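**Q** The chain contents come next:
Number of protein chains: 2
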Amino acid sequence: MSTTTTLKGQPLDRQVLDSMLRRRMFYTPSFEIYNGVAGLYDYGPPGCALQANVIDLWRKHFVLEEDMLELDCTALTPAEVLQTSGHVDKFADWMCKDPKNGDILRADHFVEDILESRLRGDKEARGVKIEEEAEDPSKKKKKKKTKGIEAVKLDDAVVREYEEILAKIDNYNGEELGQLIKKYEMKNPETGVEPSPPVAFNLMFQTAIGPSSNTPGYLRPETAQGQFLNFAKLLEYNQQQMPFASASIGKSYRNEISPRGGLLRVREFLMAEIEHFVDPEGGKKHDRFNDVKDVELVLLNRHTQLAGKTDVEKMSIGKAVENGTVDNETLGYFLARIQLFLAKIGVDQSKVRFRQHMANEMAHYAADCWDAELHTSSGWVECVGCADRSAYDLSVHAKKTGAPLMVRQRLDTPISVQEWQIDLDKKKFGPKFKKDGKAVEAAIEALSQEQREAFAKELKDNGKIVIEVDGIADEYTPNVIEPSFGIGRILYALMEHNYWTRGSEGGDEARGVLSFPPIVAPTKVLLVPLSSHDSFKPFLKQISYKLRSMGISSRIDDSSASIGKRYSRNDELGTPLGITVDFQSVNDSTFTLRDRDSTKQVRASQEKILAAIKELVDGTKVWADIEKELPNFRRPRS
Amino acid sequence: MSTTTTLKGQPLDRQVLDSMLRRRMFYTPSFEIYNGVAGLYDYGPPGCALQANVIDLWRKHFVLEEDMLELDCTALTPAEVLQTSGHVDKFADWMCKDPKNGDILRADHFVEDILESRLRGDKEARGVKIEEEAEDPSKKKKKKKTKGIEAVKLDDAVVREYEEILAKIDNYNGEELGQLIKKYEMKNPETGVEPSPPVAFNLMFQTAIGPSSNTPGYLRPETAQGQFLNFAKLLEYNQQQMPFASASIGKSYRNEISPRGGLLRVREFLMAEIEHFVDPEGGKKHDRFNDVKDVELVLLNRHTQLAGKTDVEKMSIGKAVENGTVDNETLGYFLARIQLFLAKIGVDQSKVRFRQHMANEMAHYAADCWDAELHTSSGWVECVGCADRSAYDLSVHAKKTGAPLMVRQRLDTPISVQEWQIDLDKKKFGPKFKKDGKAVEAAIEALSQEQREAFAKELKDNGKIVIEVDGIADEYTPNVIEPSFGIGRILYALMEHNYWTRGSEGGDEARGVLSFPPIVAPTKVLLVPLSSHDSFKPFLKQISYKLRSMGISSRIDDSSASIGKRYSRNDELGTPLGITVDFQSVNDSTFTLRDRDSTKQVRASQEKILAAIKELVDGTKVWADIEKELPNFRRPRS
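Heads up: the sequence lines are chains A and B, in that order. According to UniProt numbering, the first sequence is numbered sequentially starting from 1. According to UniProt numbering, the second sequence is numbered sequentially starting from 1.
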């Protein structure tokens, strides 16, 4: 893959894009007048609207489509819950300290930065131009500025070593990262000093709940735990039917060591998580898998990465499950559904891949995990995780609390039979089994009729029977498949993927455009009067009212700027359509409709223009259709 | 007002209602399997859907209707911001401790509980039956169980004293509450001991941001501060036009001393807040005030309360502003808009009043404040605050940071004139004014042409001029009118206001119904097949698909329970409409449509049934209309 490009294949200048996104208030650093806090961002009006539209689609695509049970749980979480889930012990990143200036460094990022910088120095020494280099697709973080890099040629073997380390950078633990730092003599460029060995830093924000600080607590690092704790109630709500999924949309919190990359690594972020509960028996089949089996995915499996490579394979999810690349149908079903969702909201399909986690990289609860990664100017970024958490969470919470977080299978149809009844002699039974009595009794009660008949015979013949108490057939702890979406990262990737620039006709500087699909665009229609003339006002009011009653968001720009300037502003805001009210409108009630991407315009009656807008926003037509149906219009340059 | 009643005037049994709401997962205590944490609740599927619908309407009613600028700011807030805003010093409740058992008591609630309990004891001694008593509308908290109350008659004068204290309970500070406790010898009923004098307890949750705990922070207690800090960017985004409003929907956090009353007093809650920025000059007029001036409100002003009374007046907001009851048009405009919103979502109009804050009760930033209070089984509950925060917040943040949180008025239309230019002699000017130079220069530049001409003459005549530097005419700090909605409280009131019970025809126990308006109901349509017969399935699938494409939420209940049971379940979930698929449907493609509130049914073709549903959900028709248009149906009792 070459240098990051815009939607139209132009080289992408991230600084120019970021400055535009901030100027238009898609997002802005929080508390900026107080000099800000790293890793905290606010969304302004277009960012909020984009986020609301993406969330709305997410809810329709996942929650409504499959009758998932939505929950809204608290972010405040008592420490005990997160101790049980393992987060208090294990939810940490590796952190080094520079002994000279006290700088705190995230160990994996530090190793990555140093090696990448050396590789760039090597390329420079070999005379490869940095700007045109083939970019390493495994590189996940923003390139350091190239200035200050020493052009030092490395041995070919060393280059290969570095590249292999980078391909599996997420697979090292703290000790290993420390060894790499020592072995390759990595120094903090700021001070020239080797940082201290990595120590674990827990990423959760701590607080205390109650007036006398009696309950230590954390802000949740994921929405999942709230869903697990409600499992028994959800199963009851779902009338005991399995499988089912819960879903939750809400803020989570991670106290990142050194946030960077704008919206890509933040300390407070919106997540949308699904917990799909499934019987682990029977290979985790999914009864809608057939609907998605032909969806093609770009896959980077863990074996490839462990071999120090980043080659991807494109295959249908049906094939990937069949040949074992993806473990089971349910996991595969959700990978395909994620792919379809990303396509629907306007993510560039050439910038998506699914990467499997390596063993050490996986979260402490995961049995298998694939990330949907989106390519941005910061390299490949994990935007959706899809983990098989097995029965981990439900089991640990059940064990800790004694709550029955399990399924007691019921027969599909009640049957009426003659059956073997068990008649326990309680007087003998109790003293014999003492505290195990309950379990033994349950195990006996759980015996099938065939078993009972066999045991009855055995008892008669031998005078005793042996029953294994563990194997109660009708109860199981569900496994969990968890698609988990980082909404902020997806939004950022969406902005980059849909960004491009066009030179103005007069040869002015390039102007930014965000070509969001209408369905997610913050505002669908811009209404511009040709001037502030009073005769235009009633038309604006009427059209704006009609659009609102059609559920289509619009905005009037009646500022004194030229029409061109007003359209440019809205190209930057990603508004796909524009209606101009001019003097001809006053005479014959026709209006022009402008397409953001082509800047072409058509002119027709209000009724026809509104109908066209509805079809474009609903996605039943594209601009080319409208251009064929309605008369083209070209405004004379003023 | 008599004892709290249901929608149909039945006495409301809160325990029965709460148990139903939990069973149906409208809400549930968080972390219940870990014994829960007071003041934290999760919303289950119907609660989430109800909340999403109310928020959606809120956004349409306020944000879209008036082109407000929506923001999504972080809950994590550095301490410095909340020091400046005054929250670190002043956002506190008064807390007492029981010296014997260590119980922590919220002082105002403690005083209230004791006095109310004594008043009930007095009534009992006078032979007034407690259940039928006229309820004191100023009572805000849940009644303590009446058992255990001593029937002690009080002097008439003491009764009056107690009632007056209760009417202005929110107006006492900590010292005054301590005096009341001493004066009336109030003891903690748990121990018989007088609690310690009240001390201030700050209600914010504290945490630390960053890896070395370098930035002390809090979870925001309101969304407002994030909006204020973004003021300059919002003004720029709004192309410098005033007035305008920002809006934000998000979680806020308050570490309540002793949460109680279920959803009514919680530690993590969803707020929807508007900050309307307005020029303080000119009486805070609002240009859409005329649209709402005839809206009638029930008002309880501060003078009445200070006189120890709770009499309300009903008047139009036009009159209330005119006679000075409500201070200004902008405040009045929002009170009326709040009233209209509450009516739209289904709040019982006989259970709404607007109560003005008394001086000591107001938040530290407020210049005037009215609460929309909703009557529930816990008495009158503040659900929406509408405060005039004056220029307080913008001023303190501007002062602290030096950021220009102000408006520089521009002329409406550019004009071209011959004008007096100022030509400063910088060599003399700088040394003369030193650090004040900038301010003086700005003041001179701000002089009008008339002033310049006059000064030029004066300078020529006298050789010097005097300019007052403070009075720069074209700059001001906007005032803020803030409608602030506690969504959880509104949801709870909505559930109580729409709840009632009906006896089953067979004389079984009363069955609960939640008669939500269709627009906010969690699910609009229940689809029930008469039985699990396979021939019904294609119809269910088709109708469910069509409803989804119409944007109407539905749910299939194909469980084996009787039709009656399935409808009962959905009456409790507040589902307004039900479609039954039966054998006649298979023959002639007609379906029955059932109305939740009357349990009446009509039968018609799929097309007609779907059209009726659309009209009912959109609110263009009511059930009585549909009953007239479509043939009635009565299912034979099976």
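The set of hints was computed from the structure by calculation and includes no laboratory data. It should be emphasised that the depicted structure is a prediction, and the values quoted were computed from it without experimental measurement. Incorrect hints may have been included.
The list cannot tell twin chains apart, which means a pair is met if one copy fits it or any two copies do.
What the hints assert, rightly or not - With a straight-line cut-off of 30 Å between C-alpha atoms, the simulated DSBU-like cross-links for lysine-lysine are:
1) K546 to K565
2) K233 to K251
3) K344 to K621
4) K187 to K123
5) K60 to K546
6) K608 to K565
7) K319 to K168
8) K400 to K314
9) K123 to K600
10) K60 to K90
11) K284 to K182
12) K426 to K183
13) K251 to K351
14) K319 to K123
15) K344 to K182
16) K614 to K183
17) K541 to K97
18) K565 to K427
19) K284 to K187
20) K351 to K428
21) K233 to K541
22) K537 to K97
23) K565 to K251
24) K565 to K314
25) K351 to K293
26) K168 to K426
27) K319 to K187
28) K100 to K426
**Q** When no copy is named, should K60 and K90 be tagged within, between, both, or neither for a Cα gap of at most 30 Å?
**A** neither (34 Å within a copy, 44 Å between copies)
**Q** At most 30 Å between alpha carbons: which applies to K319 and K168, within, between, both or neither?
**A** within (26 Å within a copy, 73 Å between copies)
**Q** At most 30 Å between C-alpha atoms: does K168 with K426 qualify within a copy, between copies, both, or neither?
**A** Neither. Shortest intra-copy (61 Å) and inter-copy (64 Å) distances fail the 30 Å Cα cut-off.
**Q** Give the relationship of K251 and K351 under a CA distance limit of 30 Å: within one copy only, between copies only, both, or neither.
**A** For K251 and K351, only the intra-copy Cα distance (26 Å) is at most 30 Å; the inter-copy one is 34 Å.
**Q** Are the CA atoms of K351 and K293 at most 30 Å apart within a copy, between copies, both, or neither?
**A** So K351 and K293 pass the 30 Å test inside one copy only (21 Å; across, 55 Å).
**Q** Could you figure out if K187 and K123 sit no more than 30 Å apart (CA to CA) within one copy, between two copies, both or neither?
**A** within (20 Å within a copy, 81 Å between copies)
**Q** From the Cα coordinates, with 30 Å as the cut-off, is the pair K541 and K97 best called within, between, both, or neither?
**A** neither (61 Å within a copy, 60 Å between copies)
**Q** Within a copy, between copies, both or neither: which one fits K233 and K541 at a CA-CA cutoff of 30 Å?
**A** between (49 Å within a copy, 27 Å between copies)
**Q** Measure nothing new, just compare the shortest in-copy and cross-copy C-alpha distances for K614 and K183 to 30 Å and report within, between, both or neither.
**A** neither (63 Å within a copy, 70 Å between copies)
**Q** Indicate which option fits the pair K100, K426 if close means a Cα-Cα distance not exceeding 30 Å: within, between, both or neither.
**A** neither (74 Å within a copy, 47 Å between copies)
**Q** Classify it for me, K60 with K546: is the Cα-Cα distance of at most 30 Å met within a copy, between copies, both or neither?
**A** For K60 and K546, the Cα distance is within 30 Å both inside one copy (25 Å) and across copies (14 Å).
**Q** Regarding K319 and K123, is the shortest C-alpha distance of 30 Å or less found within a copy, between copies, in both, or in neither?
**A** Answer is neither: 39 Å inside a copy and 79 Å across each miss the 30 Å cutoff.
Going through the hint list in order, the structure does not satisfy hints 8, 9, 10, 11, 12, 14, 15, 16, 17, 18, 19, 20, 22, 23, 24, 26, 27 and 28.
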